[in-house]
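Residue numbers (the working numbering), protein chains in the order written: chain Y, 1 to 184; chain D, 1 to 302; chain Z, 1 to 654.
Treat the hints as calculated values from the structure; they're not laboratory data. None of these values were measured; they are calculated from a predicted model. C-beta: ideal position from N, C-alpha, C; glycine also. Among the hints, a few may not be true.
Straight-line C-alpha distance at most 20 Å; calculated SDA-like pairs for lysine to any residue [what the hints assert, rightly or not]:
hint, chain 1, residue 1, chain 2, residue 2
1, D, K16, Y, L165
2, Y, K155, D, P186
3, Z, K346, D, S279
Now the in silico label distances, taken between C-beta atoms and shown as ranges [stated by the list, open to error]:
hint, chain 1, residue 1, chain 2, residue 2, range
4, Y, G163, D, D202, 25 to 35 Å
5, Y, Q7, D, E97, 31 to 41 Å
6, D, E97, Z, K587, 33 to 43 Å
7, D, D173, Y, I164, 40 to 50 Å
8, Z, E393, D, G161, 48 to 58 Å
9, D, T141, Z, S363, 45 to 55 Å
10, D, M69, Y, G163, 54 to 64 Å
11, Y, G163, D, S282, 27 to 37 Å
12, D, K270, Y, F147, 28 to 38 Å
13, D, K270, Y, D16, 49 to 59 Å
14, D, L281, Z, P253, 57 to 67 Å
15, Y, Q28, Z, T134, 49 to 59 Å
16, Z, L476, D, G161, 28 to 38 Å
17, D, G161, Y, G163, 27 to 37 Å
Spelled out, the chains give:
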Amino acid sequence: MKVFISQETIRSRLQDVLEKECGQKVRQCYQCGKCSAGCPISFEMDYLPNQIIRMIQLGMEKKVLSSRTIWLCASCQVCTARCPREIDIAEIMDFLRRRAYKKQILPKGEIGIPLFNKIFLKNIESFGRLYEMGLIAMFNLLSGKFFKDFSIAPKMFLKQKIGILPPKVKNKNEVKKIFKKSGF
Amino acid sequence: MRYAYYPGCSLHSTAKEYDLSAKEVARSLGIELMEIPDWICCGATPAHITMNLLSIALPVKNLLKAKSMGSYEVVACCAACFNRLKVANAFMETRDEDRRKVEDIVGEPYRGEVKVRHFLDVLANQFGLKNLKEKVARQLTGLKVACYYGCLLTRPKDITGFDDLEEPHLMDDMMKAIGVEPVNWPYKTECCGASFSLSRTDIVLRLSRDILQMASDEGAQAIVVACPLCQSNLDLRQGMVNKKYNTNFNIPILYFTQVLGLALGIEAKKLGFEKHIVSPLSLLKECSRRLNVGYIPTKREP
Amino acid sequence: MKIGVFVCHCGTNISATVDVEEAAAAIGKLQNVKLSVTYRYMCSAPGQELIKKAVREESLDRIVIASCSPALHEKTFRKCAEEAGINPYLIEIANIREHCSWVHKEKKEATRKAIELVKIAVAKVARNKPLKKTYVPIEKKVLIIGGGISGVQSAIDISFAKYPAVIVEREPSIGGKMAQFDKTFPTLDCAACILTPKMVTVSQNKYVTIHTYSEIESVTGHVGDFTVKIRKKARSVDLDKCTGCGACFAKCPVKVDSEFDMRLGKRKAIYVPFPQAVPNVPVIDREHCLWFQKQTCGACKKICPFGAINYEMPDEIIEEKFGAIIVATGFTQFDHSVYGEYGYGKYKDVITGLHFERMANSSGPTGGRIIRPSDGKEAQDVVFIQCVGSRDEQKGVPYCSRVCCMYTAKHALLLKEHNKDAQAYVFYIDIRAAGKNYEEFVKKVQDEYGAIYLRGRVSRIFEKKGKLIVRGADTLSGSQIEIKADLVVLATGLIAQGDAVELAQMLHIPYDQNKLFTEAHPKLAPAETITSGIFLTGACQSPKDIPDTVATASAASVKALGLLIQGELEREPLIAKVNTDLCSGCKACVIACPFRAIEMKEIEDKKLKRKRNAAQVIEGVCTGCGNCTAVCRMAAIDLEGFSDKQIMGEIEAL
């Protein structure tokens, strides 16, 4: 990985923004690597969790927000539980994902996950509870994998694990209002 | 013991058997679980990844609904819902400025007054393991299980707080109390891949394979879980794991409420075993046959 | 009264902001001020000459110096006054630098303030009383608490000056942690070989008394006159009769985990902790001895040819007086059982640095073989994890334990020497090798001994199929690493002893949030405490390696000797004094005094014609802090040099 970091980048104070908005003292990280050591998804990530934190310390916002790592984080919280400096790395990953959504920066080659999240939320907004059939159908459609999970679909259906019809929530407007007021 | 009950989306669909068995167990033990009327999705992982305030507002709305029922204690079975409800409470108790924003979204004031417990916590700690032991009506001796806690039940410690962070043992203690042997295995809290089930199934397959392999290596015949996503990843996708990695796992993934229900003498057909993809029926029949005491009826028997 | 006022320019430090000439002129107009002049550098030799000349020519009897903080030159000016023939306590210093010119910018206001400050000083000095220094006698004996390398070195230094030293050590033998080490870095000297000659030196030295298996019971008194009660725990073996023949422990049927061998080996219920123990006299562990627990056996007594075994021996409490105390209590290892991710201390094959030392030691429990404690097999793949408990705010201590990088490198080297097919993996965050020849040593281990250094912490260790699975990271290459190890050695940090706080409170010395004893000044006085007469050495003050420990041991000895050779200790007279006529005996001051410098004494009340209790200040201990004057309801206790009258004078002058 060839990178050149300019002085302006290093002084750009991304870690101050983070500190202010989600209260995590990124500057305290001394790169011990315990988070990366315990992360179950490390094997698929393009940057390890400690590298993401390092890049935040160095102000490399674009690289961080366009990485696949932040989307591959499973929010399993092992990093947070074990960090010796008590930094909530899972919270930082959340913050980065939300920032990426806001800035509309999407990871190259990993678009499935941000897409999935959006579809999930749209699903709840419409139905109040998760309508699995709708979720799977929409996701398969939009991600281009039309026949994914086709083999298990009939089994799930027969065992009444997923229904054809959406769930019954009376006050759907209530839900829509919450979404609207949150700025979705 | 009365609680407001928050099932969450999965328990009404892909984890139906968890809902059924939990209700059966509650009924058998005299615990009243009153489902929160018109509850809505808690947002689970997609919400907190996308929008912070939304991810708090959705659980808070449900807690307010519980409050309007007159209940100040909510029980959840789904580990993700449990975690989100507790996070929402912690948020509303401590973050003054942000709390006002959430209160504005849900339209009501809320300060974390409705307490949230996981069903495992209720049964093990509040009902008591000793009391459970006394209610055992069916022996499941010879059944060796690996208790799998997953991520959201135990972490972060200051949110979940009811069991040990690195070596949780409540489920293991419960299994021991009802006569089932829990194996000692190191993957109790390893991640299964959680919400990547649809978007990155390959990651789920790899992590699930590791978990199934470790459980099998330690001699477990089944894995006992307390989270619908863990169950679906390990059960639903077990066939795919076998296909991809050339393994031949045949490990039923049971909810602890199902195992507990059996031990309490509830009929097997009421506990939703037929809904599993990897069927546990032959294993359970084997266990009861070994003892020649009691039997577990299948759907086909008259 | 003829007061002389001397205003210093202090170069431009004062005169740049304060108009010193104007100030001197204004002060000169005050009542009682005979002379008011300025000079560029009052503290210099010509400046002091100026003062002395003025005293002679103008017959001054009190002096006010307007200059920098008294913290810097009060002693200088007192000496100057004394040489000029004035009592050194009839001078006052007005701080017009740190309190005025250095903190203000506006010249007019600063000058006005400076004048006010000098006015106060003039008012105070007018009410000063001539005081005399006090002297306390010094008991010429030093107590050394702890018999590790630091205590032993202190004893050697003190006895070299032909002064008596007493070592009180709580283990059955002196030697401390160093006796447990195998080899020391960077020279790879055998620890016992360099330590035992020192141990023998102190044991044979006529100036040194060693009390082993003993603890400090209480400490009262003050510098020069400490009264210490020492509990000599019952050894059950007579120190004079025993010859160290070893017949008793050979016969003893009880086997107990040996603490010295970190529970990797066994000892008997009657035992000598290690072969080179000083004194070479066994001790009976009464909690495991069959005679004390079940009233059976008694084999040792029967077989002892010298009748040295005495089951009825009680604890003995002795009382001695000392002039100075050196605290050399050392450290203990951080307990890694708080790390759930490393197994909560349950895994037998996850051991600490001291365990490795005992295994590597050829006279240790494994005969010098590096093995897995669980099954006794030779360890081939060994993972060393640095910074366990150290640099960890979450579960451990926030500081760096200083020696772990070095001893881990040493362990990686020893592993290869004992087992040439073994492979060492070291997980580190930084390598701290700041001492002499230390960096070269670490490089040698990395280059010549094939140790693989991986930069990252370890997230988890668990057991599988007889191996330990270690999940770590290497941040330099950006990878996650998994190693199947036979043995994991945790470089656990050095922390304060479990009872450090109790000892500190007994001695009245301060300690910090990590329970390490606090030195008088972190830079300039690392071997003393703020409590006069009590000195610190070794790891009880902060984690350190052997060279630094020996250095601080000698430093503390010199400080202690400095006290002893004086015979008498000079004390400043700026202390509290009780007017017994006013004292009601309520003891509020006794309770308020943080230094226990006030005691109640019976006095003869001539007016009431009976005896009563009144407070009395112990001159040697009082530091003049003034707490007592604040609580006294009768205004019976006052500070010399800062009396109520003087302070009122200052306030009225404003």
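G163 of chain Y and S282 of chain D, beta-carbon distance inside 27 to 37 Å? For S282 of chain D against G163 of chain Y, whose Cβ atoms are near 28 Å apart, the range 27 to 37 Å holds.
Cβ-Cβ distance between Q28 of chain Y and T134 of chain Z: within 49 to 59 Å? With a Cβ separation near 51 Å, Q28 of chain Y and T134 of chain Z satisfy 49 to 59 Å, so the hint holds.
Taking 31 to 41 Å as the hint, is the beta-carbon distance of Q7 of chain Y and E97 of chain D inside that range? Since the Cβ atoms of Q7 of chain Y and E97 of chain D sit about 35 Å apart, the hinted range of 31 to 41 Å holds.
May I ask you to test the hint 33 to 43 Å on the CB atoms belonging to E97 of chain D and K587 of chain Z? The hinted range 33 to 43 Å is violated for E97 of chain D and K587 of chain Z, with Cβ atoms some 52 Å apart.
Could you tell me whether the CB distance from L476 of chain Z to G161 of chain D stays inside 28 to 38 Å? holds, 37 Å
Holds or violated: 57 to 67 Å for the Cβ distance of L281 of chain D and P253 of chain Z? holds, 59 Å
Go ahead and decide if the range 28 to 38 Å is satisfied by the Cβ distance of K270 of chain D to F147 of chain Y. Holds, at about 36 Å.
Does K346 of chain Z pair with S279 of chain D here, judged by a C-alpha cut-off of 20 Å? Distance ~37 Å between K346 of chain Z and S279 of chain D Cα, so the pair is violated.
What's the verdict on K155 of chain Y and P186 of chain D, does the C-alpha distance respect the 20 Å limit or exceed it? violated, 32 Å
CB of K270 of chain D to CB of D16 of chain Y, is that within 49 to 59 Å? Given a distance of about 58 Å, which is inside 49 to 59 Å, the answer is holds.
Is 45 to 55 Å a correct range for the gap between the Cβ atoms of T141 of chain D and S363 of chain Z? holds, 52 Å
Kindly confirm whether 40 to 50 Å is satisfied by the beta carbon distance between D173 of chain D and I164 of chain Y. holds, 41 Å
Consistency with the previously given hints fails for numbers 2, 3, 6, 8, 10, ordered from lowest to highest.
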